[in-house]
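Asks: Residue 99 in numbering that gives the first Met the number 0 is what sits at position 100 of the sequence shown, and the numbering runs on without skipping anything.
Calculated directly from the structure, the hints in this document are not laboratory data.
Think of the CB as a built atom: it goes at the ideal place given N, C-alpha and C, for glycine as much as any other residue.
Careful, some of the hints might be misleading.
[As the list claims (entries may be wrong)] For each label pair, taking beta carbons as the anchor points, the in silico distance ranges come out as: (1) S97 <-> G16: 33 to 39 Å; (2) V78 <-> R12: 30 to 36 Å; (3) R98 <-> R45: 17 to 23 Å; (4) F46 <-> E21: 15 to 21 Å.
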Amino acid sequence: MTLFHLVPAAHWRPAEGRRVYEPASLASEGFVHLSTGDQVAGTAARFFPDVPDLLLLEVEIPRDDPRLRWEPSAGPRGVEEFPHFHGALPLTYVTGWSRWRSGAEPLGPES
Numbered sequence: 000m001t002l003f004h005l006v007p008a009a010h011w012r013p014a015e016g017r018r019v020y021e022p023a024s025l026a027s028e029g030f031v032h033l034s035t036g037d038q039v040a041g042t043a044a045r046f047f048p049d050v051p052d053l054l055l056l057e058v059e060i061p062r063d064d065p066r067l068r069w070e071p072s073a074g075p076r077g078v079e080e081f082p083h084f085h086g087a088l089p090l091t092y093v094t095g096w097s098r099w100r101s102g103a104e105p106l107g108p109e110s
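Generate coordinates for the entire structure from the input sequences, incorporating the hints supplied.
Replies: This is how it looks when you write it as structure tokens:
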């Protein structure tokens with residue numbers, strides 16, 4: 000299943016060359032925030048409106064990985080189910096990345 004993770008470039012660089020990615024949310028909330036293709040633009044607008052150097056990680060997670068959970072989150076569009084990865088994210092799951100363009104269109108369901 001293809002999902003996405005937005006991260007400021009300065010936070011991603013320390014993960015390069017490691018085996019796992021452990022963002023601050025893992026320590027504070029217990030999981031890595033992810034989004035579907037349809038959710039990425041809204042997530043970027045809500046949580047990263049003024050981040051100039053934002054990266055979009057493409058993450059491929061096996062559907063049967065028990066650490067992937069869909070959980071409700073309230074936002075401007077009401078309550079939505081968002082994918083959360085409960086644990087350090089293996090870098091083998093990160094299949095690509097690109098620079099996020101502010102105002103980009105939704106990527107589509109499970110792009």
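Asks: Now tell me, hint by hint, if it's right for this structure.
Replies: These are the hints, each one checked on the structure:
no., hint, in the structure
1, S97 <-> G16: 33 to 39 Å, "violated, 20 Å"
2, V78 <-> R12: 30 to 36 Å, "holds, 34 Å"
3, R98 <-> R45: 17 to 23 Å, "holds, 19 Å"
4, F46 <-> E21: 15 to 21 Å, "holds, 18 Å"
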